[in-house]
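Per our numbering, the sequence shown runs over residues 1138 to 1204.
For the record, the hints were derived by calculation from the structure and aren't laboratory data.
Check before you lean on any hint, since a few could be wrong.
As the list claims (entries may be wrong) - Computed list of lysine to aspartate or glutamate pairs in EDC-like fashion (alpha-carbon distance at most 20 Å, straight line): (1) K1189 <-> D1152; (2) K1189 <-> D1139; (3) K1189 <-> E1140.
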Amino acid sequence: MDEIRAHLKAFRTTDWLLLIAAALIGSAIFDGLIGLIVGAILGYLGILAWHKGTFGKRRGPPDEPRV
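Kindly generate the complete structure, drawing on both the sequences and the hints.
Here you go:
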C-alpha cells in the first residue's frame, strides 16, 4: 500500500489527466461504478508501465551475434 501511495504522490498533472480519462472511458464502456474502478486500475497500471519505459523504442535482435 505504501508503494502505491508513493507512486500516486509522484504523479504529474498529465498523469492525473490520463488516469481520469481512463476511468471515464472505463465507466462509459462498462457502464457505471465498476467500469470507473476498472478504468482507473487499468489507467494506473498503464501509467506505471509508461514511467518504466515499456512503450519506448523497441530494438530488434542485433544483426551480428556478439562474440
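Structure-based check of all given hints:
1. Distance restraint check for K1189 and D1152: the Cα-Cα separation of roughly 13 Å lies within the 20 Å cut-off, and the hinted pair is therefore satisfied.
2. Taking the CA atoms of K1189 and D1139, the gap is near 18 Å; set against the 20 Å cutoff, the hint holds.
3. Annotation: proposed proximity of K1189 to E1140 holds, straight-line Cα distance about 15 Å (limit 20 Å).
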